[in-house]
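> Those protein sequences? They're chains H and F, same order as listed. Residue numbers for the first sequence, in numbering that gives the first Met the number 0: 0 to 460. Residue numbers for the second sequence, in numbering that gives the first Met the number 0: 0 to 111.
Think of the hints as simulated: they come from the structure by calculation, not from any bench. Some hints here could point you the wrong way.
Subject to a maximum C-alpha distance of 20 Å in a straight line, what follows is the list of computed SDA-like cross-link-like pairs (lysine to any residue) [what the hints assert, rightly or not]: (1) H/K237 x F/H41; (2) F/K42 x H/A25; (3) H/K298 x F/K11; (4) H/K295 x F/T51; (5) H/K348 x F/Y45; (6) H/K237 x F/Y45.
Here are a few chain F residues that face chain H, going by a calculated C-beta distance under 10 Å [stated by the list, open to error]: (7) E17; (8) E43; (9) V44; (10) Y45; (11) R46; (12) G47; (13) H48; (14) V90; (15) F91.
Every residue, glycine too, gets a C-beta built ideally from N, C-alpha and C.
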Amino acid sequence: MKRLLLAVCLMALPAAGQTPPADAAAEKLAKLEAAVASAQSAGDNAWLLTSSALVLMMTGPGLALFYGGLVRKKNVLATMMQSFILMGIITVLWALVGYSLAFSEGNAYVGSFQYAFLNGVGLEPNADYAGTIPHQTYMVFQLMFAIITPALITGAFAERMKFSAMVLFMILWALLVYSPLAHMVWGKGGFLNAFLGGKIPCFDFAGGTVVHISSGVSALVCALYMGKRHGYAHEPMKPHSVVLSVIGACLLWVGWFGFNAGSAVGASGLATSAFVNTHFASAAAALGWSLGEWLKNGKPSVLGAISGCVAGLVAITPASGFVKPMPALLIGFLAGLACFLAVAVLKGKLGYDDSLDAFGVHGVGGTLGALMTGVFATNAINNALKDPSGQPLALGLADGNAGQILNQFWAVLITWALAVVGTLVILKVVDLAVGVRVSKEEEIEGLDLSQHGEEGYNLEG
Amino acid sequence: MKKIEAIIQPHKLEDVKEALKNIGADGMTISDVRGHGRQKGHKEVYRGHEYTVDFLPKVKLELVVPDNRLDDTVKTLTEAARTGKLGDGKVFISSIDEAIRIRNSDRGEGAL
Chain H
0 MKRLLLAVCL
10 MALPAAGQTP
20 PADAAAEKLA
30 KLEAAVASAQ
40 SAGDNAWLLT
50 SSALVLMMTG
60 PGLALFYGGL
70 VRKKNVLATM
80 MQSFILMGII
90 TVLWALVGYS
100 LAFSEGNAYV
110 GSFQYAFLNG
120 VGLEPNADYA
130 GTIPHQTYMV
140 FQLMFAIITP
150 ALITGAFAER
160 MKFSAMVLFM
170 ILWALLVYSP
180 LAHMVWGKGG
190 FLNAFLGGKI
200 PCFDFAGGTV
210 VHISSGVSAL
220 VCALYMGKRH
230 GYAHEPMKPH
240 SVVLSVIGAC
250 LLWVGWFGFN
260 AGSAVGASGL
270 ATSAFVNTHF
280 ASAAAALGWS
290 LGEWLKNGKP
300 SVLGAISGCV
310 AGLVAITPAS
320 GFVKPMPALL
330 IGFLAGLACF
340 LAVAVLKGKL
350 GYDDSLDAFG
360 VHGVGGTLGA
370 LMTGVFATNA
380 INNALKDPSG
390 QPLALGLADG
400 NAGQILNQFW
410 AVLITWALAV
420 VGTLVILKVV
430 DLAVGVRVSK
440 EEEIEGLDLS
450 QHGEEGYNLE
460 G
Chain F
0 MKKIEAIIQP
10 HKLEDVKEAL
20 KNIGADGMTI
30 SDVRGHGRQK
40 GHKEVYRGHE
50 YTVDFLPKVK
60 LELVVPDNRL
70 DDTVKTLTEA
80 ARTGKLGDGK
90 VFISSIDEAI
100 RIRNSDRGEG
110 AL
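With the hints as constraints, model all of the structure from the sequences given.
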């Protein structure tokens, strides 16, 4: 190949000797640069559009099946609806003001109305967020995150929340908790944004704080505020179909490649890194949870294995674009064990009824992952942060920057605080407006009939 | 006429059906039921929540036979359904006052 190039160059020499007009050469160069940029944009945009679709698939059908299988038969439709309807509600909200409040320039805590109604969000790239893809691609990719985050919370109040109350709660939560938090961590000028001028530089590659801690902690608040389901702990509340949950968990696992590897906002080596880490952590976490269960109960359950896989995906989310593959295995394994203990031991001791363990998996796994990111983040994987001389900065403890663990801790603390206060205030408002819980009769009848007038299974036709 | 109600292990249904067919039993009705006698249930664990399942899946088989076929039928049925372990089930026998074939209103043993 090199010889061929040399031959071509030699043949071109006489032509070069004729000194073509300088502007022609410049024009050629400009065309070449445009062609290269267009090729990169095509590759990056293809991956980001694919990723956006994958992340939407995580909510429907992924989460809808995962949660739907875990409830009793009489609540399967209502539970799936809580995920599905958010695909509608959050999308409309995002188009009107949600994206603007999260990603337009505002103050350190929340965006402005600059992008309201997607004003100025067109096909030209936004260099601050993603310089090689249309701004609208970035907007729609972020939308899918905004959809799944509130959908995760629904696991905590499954089988007892009024549908109208859920809709109202989610609209307020998306505007008052999600958008500000996304702005703080990912928005330009956000308080915690390590890359775009944050006061406390937090590393959150794909949403450990924004998505998982926020939803998991809000879920805990919901479970505590709403109280237990009628008959909790003395009536059987077995998952009506672990089969549905297995299908859902597998869709979540696949969709998560879009979630994390898509967060590289390009079809780059960094995307590969995030993809590999995501997969490794999920696999190790499934083993971690299963091992814990096997030792404690004598049998490794299928529900345990799939819960572990989700816990690992949660924990690797903030770290996926910052750590090497071996730490990813470790983070996953620890998350599997820690979430198992949180769900199977801690929850029983504390006595709250988080129906589908949104806190035990997302709150605990997200917090663990955010802190571990501070330990294992390294510029060998992500060199986007550079000092004035162009040298990549030390990221986590792995690079010798122990202080990052403290930064991560502050980000976790701020996220917990916002989630607790925000959720509590919103629940109170919704409770006063429409009441959060269905009546005891409606709860016993099941939400499918009482809230939607349907049944999930009419198998006898 | 006698009615035989047998609660048996679901996996023995095929054996029982074949054995009864071989002695010329003409018809029977089965249903999926759950229940327990002296057999203990089992434990299920879902994310740390333990449930004891007492009612186990069984098959209930019902057939009505002429008086003179009762002993033969019961003997065949019990032998075919037996594994020798707890949970094999029970057979209940009761008298039937009348039987009517819906198609042509035949009555008595002729309707069986």
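> If you check each hint against the structure, which ones fail?
Of the numbered hints given earlier, those the structure breaks are 2, 3, 7, 14 and 15, listed in rising order.
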